[in-house]
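*Asks:* As a plain string of letters, each chain reads:
There are 2 protein chains.
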Amino acid sequence: MGGSFALALKDQYANLEIIGYDHNDQHCIEALQLQLVDKITDDLETFYDRDLIILAIPVDGIIQVLQEFDSLPETTTLIDFGSTKKKIVDSVPPSIRKNFVAAHPMTGTEKFGPSAAIPDLYRGQVVVLCNIEESGEHQQKFAKKIFTDLGMKIFYMEAQEHDRHAAFISHMPHALSYALANTVMKQENPKAIIALAGGGFRDMSRIAKSSPNMWTDIFRQNKENLIRAVQCFKGELERCEALVTDEKWDELYTWMKEANKLHEIL
Amino acid sequence: MGGSFALALKDQYANLEIIGYDHNDQHCIEALQLQLVDKITDDLETFYDRDLIILAIPVDGIIQVLQEFDSLPETTTLIDFGSTKKKIVDSVPPSIRKNFVAAHPMTGTEKFGPSAAIPDLYRGQVVVLCNIEESGEHQQKFAKKIFTDLGMKIFYMEAQEHDRHAAFISHMPHALSYALANTVMKQENPKAIIALAGGGFRDMSRIAKSSPNMWTDIFRQNKENLIRAVQCFKGELERCEALVTDEKWDELYTWMKEANKLHEIL
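Line by line, the protein sequences give chains Y and D. Numbered according to this note's numbering, the first sequence spans residues 64 to 329. Numbered according to this note's numbering, the second sequence spans residues 64 to 329.
Hints are not guaranteed to be accurate.
A pair counts as met if it fits within one copy or between any two copies, since identical chains are not told apart.
[Stated by the list, open to error] Straight-line distance between alpha carbons at most 30 Å, and here's what the computed BS3-like set of lysine-lysine pairs gives:
1. K216 x K150
2. K311 x K150
3. K208 x K73
4. K249 x K204
5. K286 x K254
6. K324 x K249
7. K286 x K150
8. K297 x K249
9. K174 x K297
10. K297 x K254
In case anyone wonders, no lab produced these hints; they're calculated from the structure.
Whole structure, please, built from the sequences with the hints as guidance.
*Replies:* Okay, here's the thing in structure tokens:
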């Protein structure tokens with residue numbers, strides 16, 4: 064996410080200086096080699112007087128790093144890209160609350176690390192800004208300008224509402240994809256099964272490739288909403304199972320037809 | 064499936080005559096307009112002496128149409144493209160068993176009807192041939208030649224084994240996608256949720272667009288295997304749910320890491 068954002072910023076604006084910070088030394092080397100960043104630092108102090116600081120790291124890491132900033136200049140904007148928002152927003156030190164903008168760009172791929180960076184990851188995609196009225200006036204304008212310049216569609220939402228929605232649209236589907244991959248891998252002859260995979264299975268299992276580091280954090284931070292979404296999903300799946308078991312084919316047809324309607328909205 | 068196959072055949076071989084047959088008149092008109100077929104017939108007799116007959120229709124329809132053929136010339140090959148195989152293979156009249164080849168091309172899109180036809184749907188994809196030793200020598204050679212010429216990878220399998228595998232790799236994932244779509248559609252504010260959809264959700268819900276006609280038939284024909292696959296999946300999802308509920312984050316990490324391994328095989 065961070066690497067792709069750096070590429071998008073460089074495409075959009077001239078004369079930027081982008082500084083990278085990562086606890087993984089190999090990622091630092093790769094980011095330099097791929098020219099995602101102009102230099103690397105291992106000192107958070109370096110960022111204090113920059114125009115923009117982006118936290119594109121796992122959600123638990125975001126909360127930790129936020130505590131490192133005691134104060135920031137009025138002109139500094141600090142944006143996080145975390146996939147959960149409530150716990151992050153609650154953890155922001157009051158002294159830097161106006162500097163902070165809570166954002167969730169609804170984009171990404173199952174790949175991660177600097178080598179996964181692609182310049183067009185953000186264009187045309189949605190970004191959710193949470194509790195934006197708590198951010199400073201400059202920071203609100205600055206964040207909106209950047210996301211708009213990069214061609215993103217901005218949605219505004221309370222952090223709590225975001226987390227409920229994100230559980231259904233993103234977090235629970237990741238649980239399904241991981242569970243689907245593990246289901247097939249545990250069969251007697253997974254290779255024979257997987258040899259038959261068509262596009263449907265490939266699509267459904269793609270996000271089961273996602274980083275366990277990142278997703279363990281997200282599941283922890285959005286535990287209650289995730290469990291609720293999983294339970295709703297299980298209800299639907301059990302309805303399908305019951306209709307098949309009881310051979311209620313007309314009702315099964317109607318149930319599938321209902322599902323088709325999603326794509327009138329999506 | 065049928066339209067795309069016609070396009071692929073026309074790309075590959077010169078001087079073909081392709082005749083279409085469909086109970087849907089509108090589809091007949093479209094297939095002619097799109098030049099998927101050279102003519103349309105409403106009489107199955109027309110096909111008796113052709114080199115190749117392809118049944119690319121819902122699986123219950125395949126079983127019905129197979130009963131219409133009392134006998135076929137030794138040089139005629141009759142191939143079905145059904146997504147289930149056991150009940151189809153069992154239903155073939157003995158008088159045409161040598162003419163018949165049971166095939167399942169593991170490809171397709173969520174779209175259907177003549178307008179969904181694309182010429183490169185088959186190239187590079189897998190086709191499963193079932194109980195091939197029951198087909199005539201000419202039919203075996205002919206079918207293998209066509210699928211090879213079209214750039215497909217051929218797998219051989221017993222019909223029963225195919226249906227077990229297809230339940231895991233294709234039928235159960237369709238149930239998940241339909242259930243996911245219905246889960247989101249039944250929430251209080253589905254539009255607000257769906258507005259946030261990124262690539263993961265789009266991929267996971269794509270096949271929920273599939274034809275209820277076709278998939279009701281498939282679920283009926285592969286009932287037992289489908290239910291078993293759904294139960295295996297539910298076991299995995301419930302494991303995930305329990306790990307989150309009990310806050311066993313290290314075990315959740317390991318569970319996700321296991322799922323990552325799928326992509327070493329896929």
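*Asks:* If a hint holds in the structure, say so; if it doesn't, say that too.
*Replies:* Verification of the supplied hints:
With identical chains, the CA atoms of K216 and K150 are at most 30 Å apart within one copy only, with a shortest distance of 24 Å there and 50 Å across copies. In this homomeric assembly, K311 and K150 come within 30 Å of each other (Cα to Cα) only across copies, at 19 Å, whereas the closest approach inside a single copy is 44 Å. With identical chains, the CA atoms of K208 and K73 are at most 30 Å apart within one copy only, with a shortest distance of 15 Å there and 52 Å across copies. In the homo-oligomer, the alpha carbons of K249 and K204 never lie at most 30 Å apart, since the shortest distance is 51 Å inside one protomer and 36 Å across protomers.
Proximity of K286 to K254 under the C-alpha cut-off of 30 Å is restricted to the inter-copy arrangement: shortest distance 23 Å between copies versus 33 Å within a copy. In this assembly of identical chains, K324 and K249 lie within 30 Å of each other by CA distance solely across copies; the values are 11 Å between and 33 Å within a copy. In this homomeric assembly, K286 and K150 come within 30 Å of each other (Cα to Cα) only inside a single copy, at 11 Å, whereas the closest approach across copies is 44 Å. Proximity of K297 to K249 under the C-alpha cut-off of 30 Å is found in both arrangements, the shortest distances being 20 Å within a copy and 13 Å between copies.
In this assembly of identical chains, K174 and K297 lie within 30 Å of each other by CA distance both inside one copy and across copies; the values are 28 Å within and 26 Å between. Both within a single protomer and between protomers do K297 and K254 lie at most 30 Å apart by alpha-carbon distance, with minima of 27 Å and 21 Å respectively.
When each numbered hint is compared with the structure, a violation occurs for hint 4 only.
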